[in-house]
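Participant: Sequence order for the protein chains is G and D. Counting from 1, position 47 in the first sequence corresponds to residue 47 in the working numbering; the numbering is continuous, with no gaps. To convert a position in the second sequence, counted from 1, into the working numbering, add 1000.
Hints listed in this document are in silico derivations from the structure and should not be mistaken for laboratory results. On a predicted model such as this, the values are computed, not experimentally measured, just so you know. Among these hints, one or two may not hold up.
Said to hold, decoys possible - Which bits of chain D does chain G cover? Going by a derived footprint, with three or more residues having C-beta under 8 Å, they are:
1) 1049-1058
2) 1085-1096
3) 1104-1118
Cβ atoms here follow ideal geometry from the backbone N, Cα and C, with glycine treated the same way.
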Amino acid sequence: MTITKELWILLKYKFLMWSNIPKRRRKRSIPSWLYVLIVLAVIVSFGLPTYFLMLKMIASYVQISLGGIDLASLFLEISLLGILGLIVLIDTPAVTLNVFMSDDVGFLLTLPLSQSAIFYSKMIETLVEGTFPALLFIPLLLAYGNVVGMAWYTFIFVFIMYAFYVLFCAGISGLLSLVISKFASKSGMRRFMMLSSMATMILAYFMMNIISMPSFSSQNMQSALNAYVSKVNFFLWPSTWFLSSIRGNLLGMFALIGIASGTFALSYYIASKNVLSGFSNVISAARKKRGKEKYRTHGIFGALMVKEFRAFRREPSIMFFLVYPVIFPLFIILTSSHRKPETLLMGELTGIFMASMYIILAMASLVSIDVRVGWILKTMPVKETKPLWAKAFVVTGSFIVVIASVFLTFSVFFGGFLSTVLVVLLSIPIFLLLSFFGVYAVTKWPNPSGGTKRSLSTTGSLISMPMGFIGAACVGAQSFYFLSNGKVWHFSLLISTLLFMILPFAIEFALMIFVKRMISRIDWSEPFENRVS
Amino acid sequence: MSKIVVAERLRKNFGNVEAVKSVSFHVNSGEIYGFLGPNGAGKTTTLRILTGVLKPTDGKVEVYGMDVFKNPIDVKSIIGVVPDEPKLYENLTGREFLEFVGSVFSMKRVEMNQRVLELSEAFGVNFLSKFIGDYSHGMRQKLMLISVLMRRPKVLFLDEPTVGLDAKSAKILKLLLRKYVDEGVAVFMTTHVLEIAEKMCDRIGIINEGELIAEGTLEELRSYSGRESLEDIFLKLTGGDEIKEIVDSL
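Put together the whole structure using the sequences plus the hints.
Facilitator: Below you can see the structure in the form of C-alpha cells.
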C-alpha cells in the first residue's frame, strides 16, 4: 500500500470518529447544509469587519516607507513571523502529545502501516485542530492584495504561497516534535513535556524579540528604525521569502517552496526510521530500594491531598496548564523595552487571566480521573466533598505558588513587590471558586471521548473560558482599586468603590452560592450526565 | 516444522532497569508457544518487541525469515496481534472499526463480510453497530479477536486472550486456535491461566525477572523440574515454592 493510501485510510477514519461524537452522545447531528451555513456565517461575521479594518490600515501604511520598504509590507512580515511563532508554539507540544502519547499508536504499530503514515496522520490531525490561527491571516492578505492592486489571478498565487508558508510552520513543528521525541517515554514524560515547552518558549521568545518595536527613547530614531527594519526584513526569514515571492521574486518563491518541502521531507525521513517504535509505555523506571520499604500514613484529608498532588504532578496535560500562565506573561515582560512595575503588573494580570481558565480545566481533569476509577473512592469511608476540597487546595495552591514565585522573583528587577503580593492574595479566593466551578463543569459537560487530556466537552470549554475571565476580571478590578487607593482612573471614589470593589465581591459571592448549590446537586453515583463511562 | 518466529538475544532496558535480559526462543509453524511468567516478568514487553511495537535495546526478531524492524510492513501484513487491554477508538462503532482494519489490510469486501459474519456468530457478537466507547472489556476483546481472525494471519500474537471472555467464547477461541495451528499457523501466547497453557500449548517458555528460565514441552518441563502439574513447575521455577509458609505467616 502506498503512503498516500495509508494516510487516506487513517484520516478517513479519524474524521469518522470526529463526526460520530454527536451520534454517540445521542444528539441529533446538524444537517450538513446548516453546518456549512453556520461556518460561513462565522467566517463572514469575523472576516468582513477584519478585512475592512485591515484595508483602512494597510492603505495608510502603504504610503509610509521605512528603510526601503513600505510599512504595509513590514506589517505583513511582522504578522507572518507572529503566525510562525503562534503555530509553532501551539502545534509543537500538541503534535508531540498526539503522536507519541496517543493510546492508539500502540495498536496502529501492529498494523502493516508505515511509521511515516502514522506520524503524518497524527500530525495532520493535530494541525487541523491547531493551525486555525493561520486562517486569521486571510483578511490581512486580501486587504494587502487589494491595496497594492493585485490582479485576481495573483491572489491564487498568493494563497498558494501562503499555504506553503503554513506548511513551513507546520513542518518546523513536526521536526521539533521529532527531535523532542528522542527523549520521549512515558516514564520521563514530565521531563519531556518540559523540554517541549522550553523549546517552543525559546523559539517564541526569539520571534517576539524580532518583532518587538525598538525603544523610542533611542537617541537616533532613524538608525533604530533602520536596524529594526533590517531585523524583520531579513533574507533568512520565511516571511521575507513570502513577501518576495508575492512580489514576483523567483528566488523567494523557490526558497519558500523548497524549504517548506524540505522540512516535510526531512520529517518524513526521520519518521520513516522507526522513530515510533522507540516510545515506551513503561510507567516508571523504579529504582531498586535496599532494605525494607517504609510506609507513611496520613490522615484522611492528608492522604487525599497527597494523592491529588501526585495526580496533578504526574498528569502532563495538567502540568501544561500550570506552565502556560507563566510562559505567556513572561514574553510580555521580557520583550518589553521598559522595566517598570507596571509592566510586571500587566504580565502578572495576564498570567492570572490565563490561570483562571486553566484552573477550571485542571480541576476538571482531576475530577475526571476520580470518576473514571470511581469505585475506589466510592468504596472508601470518605465524604464526597472531602476529595473535592483536597483537589481545590492542590490546584489553587499549585497555581498560586508558581505565579507567586515567578512574579515575585521578577519584582526584584522590575520593582512592585507589594503590588505583586496583593494580586496573588486577591487571586486565592477566586482560584478556589473557579476550581469548584471546574467540578460543576466536568460533571455537566464531560468530554464524550473521555480522558484527562481534554476532560471538558466543547460546550464546557466555551463556557469555562468566560467564567475564568470573569473571575480574573474581578481580581484585576480589585487590584486596580487597591493600587490606586480607591480612585481608579477618572472615576469618583463612590463609583470606583462600586465598580472595582463591591461589584467584584458581589460577583464572587454570587459565584460561590451558584457553585455550592450546583455541586450539592451532583449525583456522585453517576456524576457524568452525558453517560461517559 | 519450520521456525516461524525467531527471537535472538533480546534485551530491553528502560533506563537502568533491564526488563528483558538476553531472551532467545523460537516458535514453529503449527505450534502454540505459551509464554508464562509472574507479573512484571517481561512477557508483554517481549510480545511488544516481537510485534515491532517496541525496539529492543539489543537482539533480533525474525518472522518468516524477515527482520521485524527492517521489514516492518511485510511482517505486520502476516501477523495478528491481540493485546491484553485493547485500547480501541471509542468514537467508532465496532463495524466501522472492522472496516478500518479491513481497509488497512486491503481485504476484499465480500471476504470480509463473510468472515465477520462467521466470527460474530461464533463469538456471539451482536453489538457491532454500537460505539466502542460503550463496550465492556469482554466486548472489546471479542471485537479485537474478530478484527485479527477475520484476516487469517499466518502468525498470531496473543496477550492474555481469554481474559474477559465468557466460557463459551473462550472455548471457541481455544478450538479455533487449535484448528488454525493444525493448518500451519504459529501462535505466540502469553497467559496467566496455567490450565490454558497446560491444555493448549505445544511448548512453553517461562520468563522470570526478564530471563527465560525454562523452555520445552510440558513433558520436558516435568522432567526438568521433577514436578507433575504445570502450576507446581511454574511455582518452583519462579520462586513461588514458599507459598505455604507465606500463607501461614499471614
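Participant: Counting residues of the region 1049-1058 of chain D whose CB is closer than 8 Å to a CB in chain G, do you get three or more?
Facilitator: Answer holds; 5 residues pass the 8 Å Cβ test.
Participant: At least three residues with a C-beta closer than 8 Å to a C-beta of chain G: is that true for the region 1085-1096 of chain D?
Facilitator: Coverage by chain G holds here, the residue count being 9 at a Cβ distance below 8 Å.
Participant: Holds or violated: the region 1104-1118 of chain D covered by chain G, criterion of 3 or more residues with Cβ-Cβ distance under 8 Å?
Facilitator: holds (count 3)
In summary, the structure agrees with every hint in the numbered list given earlier.
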